[in-house]
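Engineer: Chain residues, written in single-letter form:
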Amino acid sequence: MEMLYWIEETAVALWVGESLWAYPFLLSLHVVGLAVIVGVVVMLDLRLLGFFKGLQVESFLPLMKFAWVGFVINAVSGLLLFTSQASYFVTNVAFLLKISLIFAGAVITGILQNKIRNPKGANSRALAVISLVAWIGAIVNGRLIAYL
Amino acid sequence: MEALAQSIEGGAIYTWVTSEFWLWPLMEILHFIGLSLLLGGLIVIDLRMMGFFRGIDIRATHALLPWVLIGFALNLVTGILFFFGDPLRYAGHTGFQLKMVLIVVAGLNALWYSWKIHPKMHEWDADANPPALAKVIGSISLIVWTGVLLLGRLIPYVSTG
Numbered sequence: 005m006e007m008l009y010w011i012e013e014t015a016v017a018l019w020v021g022e023s024l025w026a027y028p029f030l031l032s033l034h035v036v037g038l039a040v041i042v043g044v045v046v047m048l049d050l051r052l053l054g055f056f057k058g059l060q061v062e063s064f065l066p067l068m069k070f071a072w073v074g075f076v077i078n079a080v081s082g083l084l085l086f087t088s089q090a091s092y093f094v095t096n097v098a099f100l101l102k103i104s105l106i107f108a109g110a111v112i113t114g115i116l117q118n119k120i121r122n123p124k125g126a127n128s129r130a131l132a133v134i135s136l137v138a139w140i141g142a143i144v145n146g147r148l149i150a151y152l
Numbered sequence: 353m354e355a356l357a358q359s360i361e362g363g364a365i366y367t368w369v370t371s372e373f374w375l376w377p378l379m380e381i382l383h384f385i386g387l388s389l390l391l392g393g394l395i396v397i398d399l400r401m402m403g404f405f406r407g408i409d410i411r412a413t414h415a416l417l418p419w420v421l422i423g424f425a426l427n428l429v430t431g432i433l434f435f436f437g438d439p440l441r442y443a444g445h446t447g448f449q450l451k452m453v454l455i456v457v458a459g460l461n462a463l464w465y466s467w468k469i470h471p472k473m474h475e476w477d478a479d480a481n482p483p484a485l486a487k488v489i490g491s492i493s494l495i496v497w498t499g500v501l502l503l504g505r506l507i508p509y510v511s512t513g
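Those sequence lines, one after another, are chains A and B.
Per my numbering, residue 5 is the first one in the first sequence, and the count goes up by one each step.
Per my numbering, residue 353 is the first one in the second sequence, and the count goes up by one each step.
Only chain A is shown next, with the shape it has when bound in the complex (with noise of 0.2 Å):
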């Protein structure tokens, strides 16, 4: 706890805290990382779970680098708007939750990258579910942030 207070009284906390502008700013770009990531990873999803099958599976690839741009925006944009109320985040429940399903959807989705480019014939169809769960919960538990 001590070092969350720590954080909080960093001046990039108090930017982010006190600046007219910089906490909507960071959310909005949170927002936008998030369709990058989240948009991109559930086609994949749904590409793998026998959707749209004219398009190769083996073309997302490419797209993923573009889709890991999103996560990155959104890792940095959250870390900043996470300093300016650190101590309060690590008690809220939804907060954790959304955490702990973007860990997991980004290993699974590494995990996806990695069978779509040494095919051997398994099946990815059920870490297409889980990894669809992970990013919809890891949604469904940022907008409960709020709330809780």
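Each hint should be verified, as a subset may be incorrect.
[What the hints assert, rightly or not] Keeping only pairs whose Cα atoms sit at most 25 Å apart, straight-line, the calculated DSS-like set for lysine-lysine is:
id: 1; chain 1: A; residue 1: Lys124; chain 2: A; residue 2: Lys57
id: 2; chain 1: B; residue 1: Lys487; chain 2: A; residue 2: Lys69
id: 3; chain 1: A; residue 1: Lys57; chain 2: A; residue 2: Lys119
id: 4; chain 1: A; residue 1: Lys124; chain 2: A; residue 2: Lys69
id: 5; chain 1: A; residue 1: Lys69; chain 2: B; residue 2: Lys468
id: 6; chain 1: B; residue 1: Lys472; chain 2: B; residue 2: Lys487
Hints in this document: simulated from the structure, not taken from any laboratory.
Based on the hints, put chain B in the right spot on chain A.
Structural biologist: Just chain B now, with coordinates in the frame of chain A:
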């Protein structure tokens, strides 16, 4: 606008949306899932139309359109309910008004696509470098929708009206 907003506040939808405490967060969640479907599909379609990711069969990308439309429909319905739930705040809000203008621009751009690009797409090669007009329409789409997202997220924080 003001009169419209006030008449909504007396109506049944307003009463329903504001009386159930779980409805607003649920609609927000659906709105976020909708925007992910909308943008996720458009990122694939528009970036390819702009000439990127040539490894993707451009003729196959339009199979993503139904998912884009599902996302849009989800956000149209939840968006209308948001408006009915808090009409006085939205109606006079510059950020909201700009967002609506951008959505109309995106809609006209989509019509332009379905008029000029969609009918010709099946004649293109899978790895085609799209014509300049397709690149323009794809760029407008991504820029305008990104603007919609940015403005939408600013609405709760900027009060002008």
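Engineer: Against this structure, judge whether each hint is valid.
Structural biologist: These are the hints, each one checked on the structure:
Simply put, Lys124 (chain A) and Lys57 (chain A) have alpha-carbon atoms about 18 Å apart, close enough for the 25 Å limit, and the pair holds. A hinted pair counts as satisfied when its Cα atoms are at most 25 Å apart, and Lys487 (chain B) with Lys69 (chain A) qualifies at roughly 21 Å. A threshold of 25 Å between alpha carbons decides the hint, and for Lys57 (chain A) with Lys119 (chain A) the separation of about 17 Å falls inside it, so the pair holds. Distance hint between Lys124 (chain A) and Lys69 (chain A) is fulfilled; the C-alpha atoms sit about 22 Å from each other, no more than 25 Å.
Distance restraint check for Lys69 (chain A) and Lys468 (chain B): the Cα-Cα separation of roughly 30 Å exceeds the 25 Å cut-off, and the hinted pair is therefore not satisfied. Distance hint between Lys472 (chain B) and Lys487 (chain B) is fulfilled; the C-alpha atoms sit about 14 Å from each other, no more than 25 Å.
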